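Visitor: One letter stands for each residue in the lines below.
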Amino acid sequence: MSITASHISKTFGDFAALDKVSLHVPAGKLVALLGPSGSGKTTLLRIIAGLEMADEGSGHILFGNEDVSLLPPGKRGVGFVFQHYALFRHLSVAENIAFGLRIRKGPERPSKATITSRVQELLALVQLEHLGKRYPTQLSGGQRQRVALARALAVQPKVLLLDEPFGALDAKVRRDLRRWLRNFHDGIHITTLFVTHDQEEALEIADDVVILNSGRVEQVGSPQEVYDRPATPFVHKFLGNVNQILLPWEGIIQGTKVPVEENVAFVRPHDIELLRPETAQPGALATVLDLHAAGPIAKIAAKRTDGRGIIDIELPRAYFDQLNLREGDTILLRARLEPVCQTILVTKPPMT
Amino acid sequence: MKTKNKKSSETGFFATLFTVSNSGEPQARRDPTWMRILLSIIAFSFLFGFLFVPLIAVFSEALSNGWRVYCALFIQEDALAALRLSLLTAAIAVPANVLFGVAAAWAITKFDFKGKSILVTLIDLPFAISPVIAGLVFVLIFGRHGWLPEQELGNFLAPLAALSRKAADAGFFEDIFRALTSWLDEPRIIFGVPGIVLATIFVSFPFVARELVPLMQSQGRDEEYAAITLGANGWQTFWRVTLPNIKWGLFYGIILCNARAMGEFGAVSVVSGKIRSETNTLPLHVEILYNEYNSAAAFAVASLLAMLAIVTLGLKSFVEWKTTRT
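Chains as they are written, first to last, in my numbering: chain A, 1 to 352; chain B, 353 to 678.
Pulled out of the complex, with its shape left as it was, chain A reads as follows:
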């Protein structure tokens, strides 16, 4: 079932956490809500879940075609997974998962046998069959997160909402679990919206990414779209590393006609070409400040000889080794411009 939020605003006192935000999650997709901390992403997720209310008269939340804006969270049919899991600490894993079914009343409550078999099913789904009797404190972070997921799925929600699902885990577990989540989602196809501040995470597993900044949507698109064609300077800076090149950039950037009042160009470090000055091709001269060659990508920081700032360059390791660079060497830089990859974006006010 799809999720549609239209023109949602939320203010805390004078602070506008969300400013007429609209969002659409197509049925069965895995969508990331990405933004820096304080961008309003968690607030939006909680409003969709019903844990917070949007400002009065500011918009609607639809699940499919049904307006759920005025329903309490328990009636919306959402599965919510909290950043710190929020498992019931006094209940075992199996009891945690059964909670949503046990509290139902009258004919809606499944029989004990049904609940037990449903819990077993869910434990198998999250690959924790043998841990049903444990308590939350006896589990690792990754296991707790999966229990929280199973608990949310037990009530057969229409949509799944995850708040920084991997935020509290260490790097290795994080990577494993996010791949696991992607596969898991491919298996059950429940409409899922997850909040994250980690761009790598969003780009790796989401079908679509919604980028939020200061309470507004900056861009919506597939991971490749938002990375290759950032719609705004913010997206450009937020997704991956980027050089902000100040005027004049003659030499570095070839053949682009740039209106004079605009003064910053964005070029990703791996789109900067590095040449020996002897080649006498067009480009800008710079001095090598710093070399980092650990890992498959070599990182170089170079200072423009015209004093217009420092440019970061990323090169494949093999090419870097060929160049045999030293600190203090003079090099020639220019942007590699490909029409598919519009890495240059020009804005009016100087970006800081």
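Note that these hints are calculated values from the structure, not bench results.
The structure displayed is predicted, hence computed values, not measured ones.
Built from N, CA and C at the ideal position, the CB exists for glycine as well.
A portion of the hints provided could be inaccurate.
Which residues of chain A face chain B? A partial, calculated answer using Cβ under 10 angstroms [what the hints assert, rightly or not]: (1) P72; (2) P73; (3) K75; (4) V78; (5) L87; (6) H90; (7) L91; (8) G100; (9) I103; (10) G106; (11) P107; (12) A154; (13) Y319.
Here the structure of chain A is known, so what remains is to put chain B in place on it, guided by the hints.
Guide: The following block gives chain B in isolation, referenced to the frame of chain A:
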């Protein structure tokens, strides 16, 4: 008292009571031996002088004339009446404060509303005020020259009295309503049991709330939110999620609240009037006996309060031990 613990993982109940554990520490981080001995001596002589000696004194004085006399002093009618009144007062004050404390802590920690900080400050008020003044407040309100003298209160309560009389006449719980009617006709608060109960509720009401607020704050709201998204209503959320999480903290608060309710002297002393067998609680009775130079009896009753204190401390350490394990 320094118990060499066999293994730090084996934290028995009494082990946690008396552990001074640094056996696993590297040599460099330990203080010199003479200093450790000196500090231990200071600490234990302080404990001994200020806690154990008085406690021993109470029991030795109480038992100075032998067991039989001790027991005889106990079952005096006045002492028994004082015990009954103390128990009755605690039986009313403690549940009232549990109800208030849980409600206040739940509201303060799980919801945002205007005037929250005022409520938090007000809860601490009884700690800040001298108990004597707390008692005096009730005298000022209900006393002869107060805001709401008992005669006027009687006028207010007249309709209730009529209602209660009707119920009694109709034979509906006759004894209870008969007694209620006679109290409503001539309500007595100061120098009566209601005054004692009111004063006790006042002085003991921060305990439960003060115990629960930090605990519930540290637990956060996420578990409640999780329960709500799973379809639980407010009542189910409270009984199935919040209460199990705070049960030991609540128990701890109840023990402390009860200890204060049974032991309160100052506030109760002002409102009680100290009528023997009627408005005398245990601490007041101790004072009366002592002033009559009946020190053996005074110490006998005091030993009862001391035993209550020991039981309270035992329960308190038990709860602490229990909560550190879970």
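Visitor: Hint by hint, say whether it matches the structure.
Guide: Now for the hints, and whether the structure bears them out:
With a cut of 10 angstroms, the hint placing P72 of chain A at the interface with chain B holds, because the nearest CB-to-CB distance is about 7 angstroms. Interface hint status for P73 of chain A: upheld, as the beta-carbon distance to the closest one in chain B is roughly 5 angstroms, under 10 angstroms. At a threshold of 10 angstroms, the smallest CB-CB gap from K75 of chain A to chain B is about 8 angstroms, leaving the interface hint in force. Given the 10 angstroms rule on beta carbons, the hint for V78 of chain A holds: about 6 angstroms separates it from the nearest Cβ of chain B.
Restraint check, L87 of chain A versus chain B: the minimum CB separation of about 8 angstroms is within 10 angstroms; hint holds. Taken as an interface hint, H90 of chain A checks out: its beta carbon lies about 4 angstroms from the nearest beta carbon of chain B, inside 10 angstroms. At a threshold of 10 angstroms, the smallest CB-CB gap from L91 of chain A to chain B is about 8 angstroms, leaving the interface hint in force. At its closest, the beta carbon of G100 of chain A sits 4 angstroms from a beta carbon of chain B; the interface hint therefore holds under the 10 angstroms criterion.
The interface hint given for I103 of chain A holds, since its Cβ lies 5 angstroms from the closest Cβ of chain B, which is under the 10 angstroms cut-off. For the restraint placing G106 of chain A at the interface with chain B, the shortest Cβ-Cβ distance is roughly 13 angstroms, beyond the 10 angstroms limit, so the hint is violated. Evaluation of the P107 of chain A hint against chain B yields a violated restraint, the C-beta minimum of about 15 angstroms exceeding 10 angstroms. Hint status for A154 of chain A: holds, given a least beta-carbon distance of 8 angstroms to chain B, under 10 angstroms.
Contact between Y319 of chain A and chain B, as hinted, is not supported at the beta carbon level, the nearest pair being about 49 angstroms apart and thus beyond 10 angstroms.
Hint compliance for this structure: hints 10, 11 and 13 are broken, all remaining hints hold.
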